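Numbered continuously in our numbering, the sequence shown closes out at residue 700.
One should not assume that every hint holds.
Ranges between beta-carbon positions, derived for each pair [to be verified]:
no.	residue 1	residue 2	range
1	Ala313	Gly147	29 to 39 Å
2	Pro345	Gln499	28 to 38 Å
3	His21	Val72	13 to 23 Å
4	Gln17	Gly219	17 to 27 Å
Since the hints were made in silico from the structure, they are not lab data. For clarity, every value in this text was computed on a predicted model and none was experimentally measured. The beta-carbon is built from N, C-alpha and C at its ideal position, and this holds for glycine as well.
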Amino acid sequence: MTSTDAVDQTPDTSLRQPWLHDLSITVDGNSTQLSSQGGDVEPGSAQGFYVDDVRMLNCLLVRVAGEPASPVAGQAQGARAEFFGAARAVGDPGADPTVEVRRVRTLAGSRLVEEVSVISRATEPVRATLEIEIGCDAMPIGSVKGGRVVADQVAATLTADAARFATDRHDVDVSFAPAPVSLEAAGRGALARFEVSVDPGQTQTWQVAVTVARRHASGFDADPGGDAVTWGHVRVTADDPRLAPLVTQSLDDLRHLLLRDPLSPEDVFAAAGTPWYLTLFGRDSIWTARMMLPFGTELAAGTLRALARRQGAQDDSERAEQPGKIAHEVRRTAYQGAAGLSLPPLYYGTVDATALWVCLLVEAWRWGLSEAEVRELLPHLRAALGWITGPGQPDSDGLLKYLDTTGHGLANQGWKDSGDSMRFRDGRVAEGPIALVEAQAYAVEALLGAAELLEGLGEPGSEDARREAELLRERIQAGYWVDGADGTGRYLAMALDGQGRAVDGLGSNMGHVLGTGVLSAQEAQSVAEQVTGDELLDDFGIRTFGSGNGGFNPIGYHTGSVWTHDTAIVALGLAREGQDAGAATILRRLLSAGASFDYRYPELYSGLPMMGRPAPYPASCRPQAWSAASAAVLLSVAVGLQVDLPKGEIRVRPLRPAPFGAITVSGLRAGRAEITVTVDAQGDVSLSGVPDGLEVSISA
Numbered sequence: 001m002t003s004t005d006a007v008d009q010t011p012d013t014s015l016r017q018p019w020l021h022d023l024s025i026t027v028d029g030n031s032t033q034l035s036s037q038g039g040d041v042e043p044g045s046a047q048g049f050y051v052d053d054v055r056m057l058n059c060l061l062v063r064v065a066g067e068p069a070s071p072v073a074g075q076a077q078g079a080r081a082e083f084f085g086a087a088r089a090v091g092d093p094g095a096d097p098t099v100e101v102r103r104v105r106t107l108a109g110s111r112l113v114e115e116v117s118v119i120s121r122a123t124e125p126v127r128a129t130l131e132i133e134i135g136c137d138a139m140p141i142g143s144v145k146g147g148r149v150v151a152d153q154v155a156a157t158l159t160a161d162a163a164r165f166a167t168d169r170h171d172v173d174v175s176f177a178p179a180p181v182s183l184e185a186a187g188r189g190a191l192a193r194f195e196v197s198v199d200p201g202q203t204q205t206w207q208v209a210v211t212v213a214r215r216h217a218s219g220f221d222a223d224p225g226g227d228a229v230t231w232g233h234v235r236v237t238a239d240d241p242r243l244a245p246l247v248t249q250s251l252d253d254l255r256h257l258l259l260r261d262p263l264s265p266e267d268v269f270a271a272a273g274t275p276w277y278l279t280l281f282g283r284d285s286i287w288t289a290r291m292m293l294p295f296g297t298e299l300a301a302g303t304l305r306a307l308a309r310r311q312g313a314q315d316d317s318e319r320a321e322q323p324g325k326i327a328h329e330v331r332r333t334a335y336q337g338a339a340g341l342s343l344p345p346l347y348y349g350t351v352d353a354t355a356l357w358v359c360l361l362v363e364a365w366r367w368g369l370s371e372a373e374v375r376e377l378l379p380h381l382r383a384a385l386g387w388i389t390g391p392g393q394p395d396s397d398g399l400l401k402y403l404d405t406t407g408h409g410l411a412n413q414g415w416k417d418s419g420d421s422m423r424f425r426d427g428r429v430a431e432g433p434i435a436l437v438e439a440q441a442y443a444v445e446a447l448l449g450a451a452e453l454l455e456g457l458g459e460p461g462s463e464d465a466r467r468e469a470e471l472l473r474e475r476i477q478a479g480y481w482v483d484g485a486d487g488t489g490r491y492l493a494m495a496l497d498g499q500g501r502a503v504d505g506l507g508s509n510m511g512h513v514l515g516t517g518v519l520s521a522q523e524a525q526s527v528a529e530q531v532t533g534d535e536l537l538d539d540f541g542i543r544t545f546g547s548g549n550g551g552f553n554p555i556g557y558h559t560g561s562v563w564t565h566d567t568a569i570v571a572l573g574l575a576r577e578g579q580d581a582g583a584a585t586i587l588r589r590l591l592s593a594g595a596s597f598d599y600r601y602p603e604l605y606s607g608l609p610m611m612g613r614p615a616p617y618p619a620s621c622r623p624q625a626w627s628a629a630s631a632a633v634l635l636s637v638a639v640g641l642q643v644d645l646p647k648g649e650i651r652v653r654p655l656r657p658a659p660f661g662a663i664t665v666s667g668l669r670a671g672r673a674e675i676t677v678t679v680d681a682q683g684d685v686s687l688s689g690v691p692d693g694l695e696v697s698i699s700a
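Work the whole structure out from these sequences, hints included.
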């Protein structure tokens, strides 16, 4: 009997998705480590060391004199975590602990190194036993996410100073330095013992190294790609002292979420988030690359090419594939989720990733992606435009829409992809096919941008793209505007349902329409008033679903929570529409949210404050790519930097009022040039590093 067979006998009613908000999480590419805040990986939980979506360690316990250290402090950033505890069973008597246990954890791809130090502040020598227990269960991460956290242990093969666990696809080797006094079986794992002998004021250190090697390949063996980007030069100083540490943490987290495309390892993309989504996700990876364009085009180029290699080529309803369509997600194996969700390894169930891919290509071209690289992707651009204006609009009404026809795919295929996210004002859940307002807006932006790109390269098709964009813009105008009967005013519905009715729940979706070329100045003002009104704007961001809607839940996944990236996208759109006051307000609240979460943005949270702080969404991924990249939006919107190298232009229009006071950002990129932008307390702008031949315009 396999471990999966044993677990599947657990009654479904007992299965609950694990909560993550109270865990320490580190990540590096294809590996992630979840532990308690004290550093232990506790069996019988979701904790563990995961590589290639398989749990390689489900147990890593450290004991001094038979007891775990009492946690005092812990901190995780990117691939590194530190833990500080007290060994209260040894040392001097009294209230003050005198023996510390320090743990430093570092991930480097499929290798985990943990240093354990015992530090004595006691008056007498400390003599004790240190025990380190390890175990492996090879549990697939999808099963853990579904609540199946207990499985049969993989038997350990022991030598005098090392242990090995052999799984179906991997070898897991564990070594110790110095060698243990003894290493013996514990259950089916291993227990290493060491002698602690520490004099007053001295330190004794041991190292545990866990190295995972693939025995054979799977369909998507992606390796870490953090060394492919050049974000180390990014520096921020601002009057608001919270901004710099938020950016530092976010860029470090994001760098460790980067993966190399197994089909072309020189190309990197951002995995969506840890622990559940360490893989290529069309929408998430694209938005992350868009947000990071002010710091270079490498991530955009890798993301564009990775998705282009997997662009739809045929009609396949099981995969939701159509010619020209950009994929939703790529996994190593088929995914089995809750409520009958079953997805193939390559799945195309997304209505918006195709248009967003086009938008990324256009923006990367403006920020300096070489003409040769752009031209290489032109066939994929034309295929994407063909899907947007063809199969993406399945009905005569000419709107992009989706409907899962398999019964086991995603019921909702926009970014709000939970089954209950599309609701009317009274809380009723809308029935498909669903035509999201933001999907139409993304398509308008993609068509207008593609027209500009094609024209700039002397390629045909620009007139057709502009005509299609105008037709789609007219359809948005005709079908989505709602006059709120309860005094909410005029706003854009989230979607149209299967009967063509406006899904009039007041939601953040309308904020994604800002800056896409759909709205007049007056309409942009109406949307700005809604997204910054009391019903949607919380103390810490934009609610996904307004508080006056039926079914509002401030800790519901898409029914009232605040998503970091969603809020950042709304701020970006407001700035593009010249709605500076609203954008500045949102940026300040988004910064406050980041500071409240120790400068590590979660995927989502409840904005309703508890004693002045947002409440965590317990199952939120952390770090998550487009949440971490939102820190870049804070910078680019605050200084108002826009680059259009094909036109030879750099424009700077900092926000007024300045959300963070005086600010300097270095490490910005325009093509290969590195630029520094400074906006002083009076709003005066200075730039350095601008290459010759570019026209710089600065506006107040």
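We went through each hint and held it up to the structure:
1. Ala313 x Gly147: 29 to 39 Å: The hinted range 29 to 39 Å holds for Ala313 and Gly147, with Cβ atoms some 36 Å apart.
2. Pro345 x Gln499: 28 to 38 Å: Holds, at about 35 Å.
3. His21 x Val72: 13 to 23 Å: Given a distance of about 20 Å, which is inside 13 to 23 Å, the answer is holds.
4. Gln17 x Gly219: 17 to 27 Å: holds, 25 Å
Every hint from the earlier list agrees with this structure, and none is contradicted.
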